[in-house]
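Q: The lines below spell out each chain.
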Amino acid sequence: MIRDFVYSKAKTVKEALDLLEEHKENYKIICGGQSLLILMRQGLVAPANLIDIKSIEELSYINFKPKDGLKIGAATTHSDIEKSSSVKKHYPVLVSMEKNLASVQTRNWGTIGGNLAHGDPAGDPGPVFIALNATVKIANSERERSIPLEEFFIDYFETVLEDGELLLEVQFPVVPPRTATVYEKFNIIKNDQGIVSVAVSITMEKKGSSCKDARIVLGAAASIPIRAKKAEKLLIGQKLNNGLLEKIGKRASKEADPVADIHASEEYRRHLVEALTKRMVRKAWDQARKPAR
Amino acid sequence: MEKQLLRITVNNEYHELYVKPKRLLVEVLRDELELTGTKRGCNTGACCACTVLLNGVTVKSCSILAMQADGTEVTTVEGLAEGGKLSPIQRSFLDHGAYQCGFCTSGMLISATALINEKPSPTKKQIKEAIHGNICRCTGYNSIIRAIKAVAEGKYKEEE
Ligand SMILES: Cc1cc2nc3c(=O)[nH]c(=O)nc-3n(C[C@H](O)[C@H](O)[C@H](O)COP(=O)(O)OP(=O)(O)OC[C@H]3O[C@@H](n4cnc5c(N)ncnc54)[C@H](O)[C@@H]3O)c2cc1C
Ligand code: FES
Ligand code: FES
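Going down the list, the protein sequences come from chains A and B.
Each step along the first sequence adds one to the number in the numbering used here, with nothing skipped, and position 76 is 76.
Each step along the second sequence adds one to the number in the numbering used here, with nothing skipped, and position 144 is 144.
Keep in mind that the hints were calculated from the coordinates and are not lab data.
By construction, the Cβ of each residue, glycine as well, lies at the ideal position given by its N, Cα and C atoms.
Hints may be right or wrong, so weigh each one.
[Said to hold, decoys possible] What the simulated footprint calls covered on chain B by chain A, stretch by stretch (three residues with Cβ under 8 Å from a Cβ of chain A suffice, anywhere in the stretch; the number is not a length):
| id | region |
| --- | --- |
| 1 | 17–31 |
| 2 | 42–53 |
| 3 | 58–64 |
| 4 | 123–132 |
[Claimed, not checked] Think about it this way: if two alpha-carbon atoms lie no more than 30 Å apart in a straight line, the pair counts; the simulated DSS-like pairs of lysine-lysine are:
| id | chain 1 | residue 1 | chain 2 | residue 2 |
| --- | --- | --- | --- | --- |
| 5 | B | 119 | A | 71 |
| 6 | A | 89 | B | 128 |
| 7 | B | 125 | A | 88 |
| 8 | B | 128 | A | 83 |
| 9 | A | 28 | B | 20 |
| 10 | B | 128 | B | 157 |
| 11 | A | 88 | B | 149 |
| 12 | A | 99 | B | 128 |
| 13 | A | 89 | B | 124 |
| 14 | B | 3 | A | 28 |
| 15 | A | 28 | B | 22 |
| 16 | A | 14 | B | 20 |
| 17 | B | 149 | A | 99 |
| 18 | B | 149 | A | 190 |
| 19 | A | 190 | B | 119 |
| 20 | A | 24 | B | 20 |
| 21 | A | 137 | A | 89 |
| 22 | B | 155 | A | 83 |
| 23 | B | 149 | A | 83 |
| 24 | A | 283 | A | 230 |
| 25 | B | 125 | A | 89 |
| 26 | A | 88 | B | 119 |
| 27 | A | 89 | B | 119 |
| 28 | A | 290 | B | 125 |
| 29 | A | 190 | B | 125 |
| 30 | A | 99 | B | 155 |
| 31 | B | 119 | A | 99 |
| 32 | B | 3 | A | 11 |
| 33 | A | 99 | B | 124 |
| 34 | B | 125 | A | 99 |
| 35 | B | 124 | A | 83 |
| 36 | B | 119 | A | 83 |
| 37 | A | 283 | B | 125 |
| 38 | B | 22 | A | 14 |
| 39 | A | 24 | B | 22 |
| 40 | B | 128 | A | 190 |
Produce the complete structure using the sequences and hints provided.
A: Set out below in C-alpha cells:
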C-alpha cells in the first residue's frame, strides 16, 4: 500500500527547486515514477511530500550542436532518446541501448534523469554514458554544479545528489574522430536489466594503427558502474591482438567487484565480465578502425 | 489526506473528480470510472496488462499516479470500438483466436493499436518489439502476432 503524501506539481525548474527547499528532508521527487512507485508500493519509501517534475517542459529536450556535443534534459523520456534523429546520427550506441531497455511502456514514461538518480548499478545508461564521458548538471535553489557522471554514483541506489538538489541535464562531449562506442548487456529475458553489462569506447591514433584512448565501463559488476582502468591501460598505445584481448578480459574481470544474488553468483558475474569485455573491445576496435562513418 | 481535483478525458469523455494523490491511474479508471476493461495483473510494473494510451502513447496505468494524468487524454480498451463497431485490431483478435483467458488482452489490444497508429505496416520484428512488455500468461503469442500481422497487411481495411 502506498502511504499518503502531499502532492505538488512543479511547472518550472524554479518552482521545483523552491519546493525542494521548502520541504527539505522530507520529500521525494517523482518524475516517471517507473522505479519510485515500486519502492513506494513496497513501503520502502514513504515521503511526506511528493514533488512531481514530470511536466516541467524546460527539462525535456535533446539538443545537439556539432561544436558542443549533446545535451539531454533530465525529464526527457527513454522513447524520445530512442527516436531522436540527431542521437541516432551522432551517438548511435544510445539508440541501441534504449531499444533494449525495458518495455515500450516503461520507455514512454520513464526518464533519463530518473534512471540516473535512481542509482541502480544494473541500469543501462550509467555505463554507456560514462564510456561517452558524460557530465551531469545539478542545481539547488542557490547554485548549479556540473560533475563527471563517473563521480555521480556512490553506492547501491545512492548518488551525490543532496537534499534540495535536482538533476537538470546530461551533457555528452563531441565524440573524437576515429572513435567507436559499443555496449552489450547479458540477460536471460530480453530487455530485462543486465546480469552484467559492458560499455567500451575506443579512439584510434591518427594512422589507425594503435589505440589512443580507451574507456571500459562495467555495469552490475559492483555497487556502482565502474571503469576497468587497469584493463584500459593495457590497451592504450597498443595494437589489439588475440593475446592482448585475453589479458584485457582477465584484468577487467579482476577489477570487477560483483556480489552474488538471485540472478547470478559472483564467479559467474566475473566470467561474464571477461567474456563481454573481450567481445566489446573487439567490436569497438573493429568499428573505430573503419574510415569515418 | 486531502483529495485533489483531477481533470481527465477518458475515451473522449471529460471527467472532473477528486482523488487522493496516492491513487494510481489504474485505480481511478477501474474503481472510480468503473472502466474495468483495464486489468491489474502484477501491480508492480512488470506485466503491462494495465496498458492504456495516454496522449496517444502506451503507458502502464499501474505505474502512474492519477494526478500525473491530470489534463491528459486516456484511451482504454473500452474506447477502441467506435459507434459500437469493433476496431480492426479487435476484429482480428477475434478471428485469430488471439486470447485464451483474456487477462492480457486489453493491454495487448492497446499496444497493438498504438503500433498500428504509429507504423501502419509493421514487420513481424516490430510487432514483437511492440508487445514485448505485454506478458501473456497463457502464452498465446503466435496467434496474437498473427492477428496484428493481418491488420498490418491491410486485411481489415475494406471493412473500416
Ligand atoms: C519493468 C521494468 C523494467 C526495467 N528495465 C530496465 C532496464 O532494462 N534498464 C534500465 O536501465 N532501467 C530499467 N528500468 C528502470 C527504469 O527505466 C528507470 O529507472 C526509469 O526510467 C526511471 O525514470 P523515472 O522517470 O520513472 O524515475 P522515477 O521513478 O520517477 O525516479 C527514480 C528516482 O530518481 C529520483 N529522481 C527522478 N528524477 C530526478 C531528477 N531530475 N533529479 C533528482 N532526482 C530525481 C526520484 O526521486 C527517485 O528516487 C526498468 C523499470 C521497470 C519498471
Ligand atoms: S499491472 Fe501494471 S504492469 Fe502489471
Ligand atoms: S490470454 Fe491469458 S494471459 Fe494472455
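Q: Each hint: holds or not?
A: Each hint tested on the structure:
no., hint, verdict
1, 17–31, "holds (count 4)"
2, 42–53, "holds (count 5)"
3, 58–64, "holds (count 5)"
4, 123–132, "holds (count 3)"
5, 119/B with 71/A, "holds (28 Å)"
6, 89/A with 128/B, "holds (25 Å)"
7, 125/B with 88/A, "holds (20 Å)"
8, 128/B with 83/A, "holds (18 Å)"
9, 28/A with 20/B, "holds (17 Å)"
10, 128/B with 157/B, "holds (22 Å)"
11, 88/A with 149/B, "holds (28 Å)"
12, 99/A with 128/B, "holds (12 Å)"
13, 89/A with 124/B, "holds (25 Å)"
14, 3/B with 28/A, "holds (19 Å)"
15, 28/A with 22/B, "holds (13 Å)"
16, 14/A with 20/B, "holds (26 Å)"
17, 149/B with 99/A, "holds (21 Å)"
18, 149/B with 190/A, "holds (22 Å)"
19, 190/A with 119/B, "holds (22 Å)"
20, 24/A with 20/B, "holds (23 Å)"
21, 137/A with 89/A, "holds (24 Å)"
22, 155/B with 83/A, "holds (29 Å)"
23, 149/B with 83/A, "holds (23 Å)"
24, 283/A with 230/A, "holds (19 Å)"
25, 125/B with 89/A, "holds (22 Å)"
26, 88/A with 119/B, "holds (19 Å)"
27, 89/A with 119/B, "holds (21 Å)"
28, 290/A with 125/B, "holds (29 Å)"
29, 190/A with 125/B, "holds (13 Å)"
30, 99/A with 155/B, "holds (29 Å)"
31, 119/B with 99/A, "holds (16 Å)"
32, 3/B with 11/A, "holds (20 Å)"
33, 99/A with 124/B, "holds (16 Å)"
34, 125/B with 99/A, "holds (13 Å)"
35, 124/B with 83/A, "holds (19 Å)"
36, 119/B with 83/A, "holds (13 Å)"
37, 283/A with 125/B, "holds (24 Å)"
38, 22/B with 14/A, "holds (25 Å)"
39, 24/A with 22/B, "holds (20 Å)"
40, 128/B with 190/A, "holds (11 Å)"
The structure fails none of the hints (numbered hints given earlier).
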